[in-house]
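*Asks:* Sequence:
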Amino acid sequence: MDALGLDHILLTIDLDNEASIRAAQKLEGIERVSDADYENEQHKVKFVYRRPE
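Sequential numbering from 520 applies to the sequence shown in the working numbering.
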């Protein structure tokens, strides 16, 4: 993130990958940002990681 100058990273995880979804939710700074429509249409969960300030 530092090398690219990014302040956040977007993660998408397939709904069938329950272990990765649980692991992502445990990380500090991760927020689930997908809504039901996105998850139903794309069959993915969307998370964003924001760098702590």
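Treat the hints as calculated values from the structure; they're not laboratory data. All values derive from a computational prediction rather than experimental measurement. Accuracy of the hints is not assured; some may be wrong.
The calculated label-pair distances, taken between Cβ atoms and stated as ranges, are [claimed, not checked]:
| hint | residue 1 | residue 2 | range |
| --- | --- | --- | --- |
| 1 | M520 | Y557 | 32 to 38 Å |
| 2 | G524 | L546 | 17 to 23 Å |
| 3 | Q561 | D521 | 14 to 20 Å |
| 4 | I528 | E558 | 16 to 22 Å |
| 5 | L523 | N559 | 29 to 35 Å |
| 6 | A538 | V567 | 27 to 33 Å |
| 7 | D521 | V552 | 20 to 26 Å |
| 8 | H562 | D521 | 18 to 24 Å |
Just so you know, even glycine gets a beta-carbon here, dropped at the ideal spot from N, CA and C.
*Asks:* Check each numbered hint against the structure and report the violated ones by number, ascending.
*Replies:* 1, 3, 6 and 8
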